[in-house]
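Q: As given, the protein sequences belong to chains P and C, one line each in that order.
Mind the numbering: the first sequence is residues 58 to 212 in the numbering used here, read in order.
Mind the numbering: the second sequence is residues 16 to 94 in the numbering used here, read in order.
Derived by calculation from the structure, the hints in this document are not laboratory data.
Any given hint could be a false lead.
Using 27 angstroms as the maximum straight-line C-alpha spacing, the simulated DSSO-like pairs for lysine-lysine come out as follows [to be verified]:
1. C/Lys21 <-> P/Lys178
2. C/Lys89 <-> P/Lys91
3. P/Lys91 <-> P/Lys164
4. P/Lys91 <-> P/Lys142
5. P/Lys173 <-> C/Lys82
6. P/Lys173 <-> P/Lys142
7. C/Lys82 <-> C/Lys21
8. P/Lys178 <-> P/Lys164
9. P/Lys178 <-> P/Lys142
10. P/Lys209 <-> P/Lys155
11. P/Lys173 <-> P/Lys91
12. C/Lys21 <-> P/Lys209
13. P/Lys108 <-> P/Lys164
14. P/Lys91 <-> C/Lys21
15. P/Lys142 <-> P/Lys164
16. P/Lys155 <-> P/Lys173
17. C/Lys89 <-> P/Lys108
18. P/Lys209 <-> P/Lys164
19. P/Lys142 <-> P/Lys108
20. P/Lys178 <-> P/Lys91
21. P/Lys91 <-> C/Lys82
A partial selection of chain C residues facing chain P, derived with a Cβ cut-off under 10 angstroms [said to hold, decoys possible]:
22. Val42
23. Ile52
24. Ala59
25. Thr71
26. Ile74
27. Gly78
Some but not every residue of chain C turned toward chain P, in silico, with C-beta under 10 angstroms [to be verified]:
28. Met55
29. Gly56
30. Ile58
31. Asp76
32. Ser79
33. Lys82
Just so it is clear, CB atoms sit at the ideal spot from N, CA and C, and this is done for glycine as well.
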Amino acid sequence: MEGFSLNFIELQEYQPNRYPFLMIDHVEEVIPGKSAKGHKNLTLNEWYFPKHFPGAPNMPGALQLEALAQMLTVAITTLPGLQGKVTHALQHTVRFRKEVLPGQTLKIETTVISWKRGICKGRGVGYTDGEIACEADMLITIPEILDQYLPKSSK
Amino acid sequence: MTNREKYVQVFVDSFSVNPDQLDENFVYQCVPEWDSIGHMGMIASLEETFDIMMETDDIIDFGSFTKGIELLAKYDVTI
C-alpha cells in the first residue's frame with residue numbers, strides 16, 4: 058500500500074481519541090498495516106503542565122506512551138474496513154529516557170511487527186531534539202475483531 | 016519430541032502451568048493466563064509448532080486442552 062499523510066482533521070477519522078486525550082497532531086506518513094510516523098507539538102498551554110509539575114512542567118510518561126500507541130493505531134485503522142474502529146491497549150513495555158518539555162516537538166515513529174486476528178504487535182519510538190525520549194513495545198487490539206476468535210467463556 | 020510433548024509444551028509456555036494440570040478440566044479462562052490474549056498467543060504458537068493455519072471456527076471451538084487434540088487431528092496433527 059502507498060503511504061500518505063493525515064493532517065489534524067483527517068487523522069481524527071482514524072483515531073477516535075479527542076481532546077483532552079488526542080496525543081498526536083499530525084501524521085507525516087502512514088503506510089497502512091506497516092508504519093506511521095508524525096508528531097505532537099507541546100506548548101505550555103497543554104492541560105497537564107500546570108499540575109505535572111508546578112515549576113517543572115514535563116509531559117507525563119503515561120501520555121508519551123499514549124502518543125506512541127495512538128500513532129501505532131493509525132497504522133492499523135487505515136487498513137481497509139477498519140476506519141474509526143476503537144482500539145484497546147493490551148500490553149505495553151515502555152522505557153523513558155528523557156523529559157519531554159513545553160516548546161518541544163515529540164516526533165513519533167511506529168512500526169507494525171504483526172497484525173493478525175485483531176491483535177497488533179508494534180514498536181514505537183519518540184524523539185525530542187533528535188534524541189530518543191521514550192520507546193515502547195506495544196500490543197493493541199481492535200476488540201470487535203478479537204472477540205470473533207474467542208471461545209465461549211467457561212465461566 | 017513427540018507431537019504430544021510439543022502440544023503440552025505450547026500450553027506450558029503459553030499459560031505458565033505445570034504439565035500435570037493439563038487434562039479435560041483445563042479449559043478457556045480456567046487460569047488467568049488463558050484469557051483472550053493468551054488464547055491468541057497459544058493459537059499462534061500451535062500454528063508455528065505444527066506448521067498449520069487454523070480456521071476461524073476451530074480457533075473459536077478450541078475451548079479446552081482436550082478439545083484442541085480433537086481439532087488438531089483435522090490438520091493431520093495426531094497428538
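Q: When the hints from earlier in the document are held up against this structure, which numbers fail?
A: Violated hints (numbers, rising): 2, 10, 14, 16, 17, 18, 19 and 21; every other hint is consistent with the structure.
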